Amino acid sequence: MHRFCRVQQADFDPAALQAALLAGSGGGEAAGAVATFTGLVRRPPGDEAFTGLTIEHYPGMTERAVEAILDDAAQRWSLLAIGVVHRIGELAPGARIVWVGAAAAHRGDAFAACEFTMDYLKTRAPFWKKEHWAGEARWVEARRGDLDRAARWAGAADTTTASRQE
Amino acid sequence: MHRFCRVQQADFDPAALQAALLAGSGGGEAAGAVATFTGLVRRPPGDEAFTGLTIEHYPGMTERAVEAILDDAAQRWSLLAIGVVHRIGELAPGARIVWVGAAAAHRGDAFAACEFTMDYLKTRAPFWKKEHWAGEARWVEARRGDLDRAARWAGAADTTTASRQE
Amino acid sequence: MRVLFFASVRERLGTAECEFDGEALPADLDALREALAARGDAFREVLAQPNLVCAVNQAVVHGNAALGPGDEVAFFPPVTGG
Amino acid sequence: MRVLFFASVRERLGTAECEFDGEALPADLDALREALAARGDAFREVLAQPNLVCAVNQAVVHGNAALGPGDEVAFFPPVTGG
Numbered sequence: 001m002h003r004f005c006r007v008q009q010a011d012f013d014p015a016a017l018q019a020a021l022l023a024g025s026g027g028g029e030a031a032g033a034v035a036t037f038t039g040l041v042r043r044p045p046g047d048e049a050f051t052g053l054t055i056e057h058y059p060g061m062t063e064r065a066v067e068a069i070l071d072d073a074a075q076r077w078s079l080l081a082i083g084v085v086h087r088i089g090e091l092a093p094g095a096r097i098v099w100v101g102a103a104a105a106h107r108g109d110a111f112a113a114c115e116f117t118m119d120y121l122k123t124r125a126p127f128w129k130k131e132h133w134a135g136e137a138r139w140v141e142a143r144r145g146d147l148d149r150a151a152r153w154a155g156a157a158d159t160t161t162a163s164r165q166e
Numbered sequence: 001m002h003r004f005c006r007v008q009q010a011d012f013d014p015a016a017l018q019a020a021l022l023a024g025s026g027g028g029e030a031a032g033a034v035a036t037f038t039g040l041v042r043r044p045p046g047d048e049a050f051t052g053l054t055i056e057h058y059p060g061m062t063e064r065a066v067e068a069i070l071d072d073a074a075q076r077w078s079l080l081a082i083g084v085v086h087r088i089g090e091l092a093p094g095a096r097i098v099w100v101g102a103a104a105a106h107r108g109d110a111f112a113a114c115e116f117t118m119d120y121l122k123t124r125a126p127f128w129k130k131e132h133w134a135g136e137a138r139w140v141e142a143r144r145g146d147l148d149r150a151a152r153w154a155g156a157a158d159t160t161t162a163s164r165q166e
Numbered sequence: 001m002r003v004l005f006f007a008s009v010r011e012r013l014g015t016a017e018c019e020f021d022g023e024a025l026p027a028d029l030d031a032l033r034e035a036l037a038a039r040g041d042a043f044r045e046v047l048a049q050p051n052l053v054c055a056v057n058q059a060v061v062h063g064n065a066a067l068g069p070g071d072e073v074a075f076f077p078p079v080t081g082g
Numbered sequence: 001m002r003v004l005f006f007a008s009v010r011e012r013l014g015t016a017e018c019e020f021d022g023e024a025l026p027a028d029l030d031a032l033r034e035a036l037a038a039r040g041d042a043f044r045e046v047l048a049q050p051n052l053v054c055a056v057n058q059a060v061v062h063g064n065a066a067l068g069p070g071d072e073v074a075f076f077p078p079v080t081g082g
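Protein chains in written order, with this note's numbering: chain A, 1 to 166; chain B, 1 to 166; chain C, 1 to 82; chain D, 1 to 82.
Heads up, some of the hints might be wrong.
As the list claims (entries may be wrong) - Among the chain B residues that face chain C by a calculated CB cut under 7 Å, a handful are:
# : residue
1 : MET61
2 : ARG64
3 : ARG96
4 : VAL98
5 : MET118
6 : PRO126
7 : TRP133
8 : ARG138
9 : VAL140
These aren't lab readings, by the way, just hints derived from the structure by calculation.
Values in this document were obtained by computation on a predicted structure and should not be read as measured data.
All C-beta atoms in this analysis are idealised placements derived from N, C-alpha and C, irrespective of residue type, glycine included.
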């Protein structure tokens, strides 16, 4: 199975990443499904003073954590390729933060692996977001909802079974 | 909410579609999440004689059915934009068949709307696939697994609730 | 009234559509099915398919339904797109 | 032994890392926490955070764990990437 994990300051091109994913999927004729997710810096509604995010990470541990998540995804679903790109540093409103893509023979595997990887990235990879406003900055607090979403995968046998039936 | 539905013979560019989705999402700073799915003509493993698919559809009803699915998705989740492109006609192995993209403030809504739309497209929109081999052709039979996947959304309140908590 | 056939149904019947009007116009779906069945074995076979789908004016219909002169009826197998 | 601090923890402490070696080397995480707490209020406050995460050699550790001279320990708040 083809996989990649990049942690970088530079922006990325979702189209090029999707092409890389397919190029790694057994020549491009084995994949029937590609699911992708792109996360962006969202301006809170009506919050004109918001100037963006900075993202800090733990070099070394980040890559290990992401690789462990990809290992886990590859164990849980039948995948042809999976990739993650996560940006660090200063990001303006509207900027891309993260991309996850999964290619599989069947869509159940691609969807589940993509969403699982995002849920685990949010709760297991050492990145921290700080929000900035004109004259103020605040570290983002971890969200209960993200932990709940990640916890769903502890009992993910249903999803796997459904996708194997296709 | 911005939306689009295209049924066409021509290939499509996932990058351009994702850009169109974001352009329709309140200027691009309101969206925090974009989930996409691309379906491709998969060559059955080891099946060298397979030459591709033809896809037939019911003009008029197809567009109505897709619009009804997008209405449903827009009711179920908080979306900024959603779009579908589905190709018809002759498609070679590796060719793109279908694209679904959903943009939302939060990822739970984007993921769920994208997967829901695919599951309903598979079971409610009047498209039919015919598989071709050297010297043989066969209409694809509807899959029990696709009906099961679509049926999951009948009790989708959990997903909606989880995504609203973010 | 236009009656359309798609995919394997269209191929089995060897035709993509037919028309009913004037005195031959069926009053409802059951009457239409009867009129079609009278056209021969291929029609009878298709109409006997347990999973055959019927749409009236581009919306799926189960069971019987009244029909009028401007209606569009379609018969097709379970969908397999996406 | 390197000890690293990230995000709000790093800012609260005003430092991104510190070193322990020779006789000052803590034998385990509990000893390390004690040695850090002795450095003042900011350290004590951070170490008292109920959701503080600790990693040894880049793997999250709960409770105590033995430490050696080449180990890398990190303290940080719950992660918020993605």
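Checked hints:
1. MET61: Given a least distance of 4 Å, the restraint on MET61 (chain B) holds.
2. ARG64: 5 Å, holds
3. ARG96: 12 Å, violated
4. VAL98: VAL98 (chain B) check passes; min Cβ-Cβ to chain C is 6 Å, inside 7 Å.
5. MET118: Interface hint status for MET118 (chain B): holds (6 Å vs cutoff 7 Å).
6. PRO126: Holds: closest Cβ of chain C sits about 5 Å from PRO126 (chain B), inside 7 Å.
7. TRP133: 17 Å, violated
8. ARG138: 9 Å, violated
9. VAL140: At 4 Å from the nearest chain C Cβ, VAL140 (chain B) passes the 7 Å test, so the hint holds.
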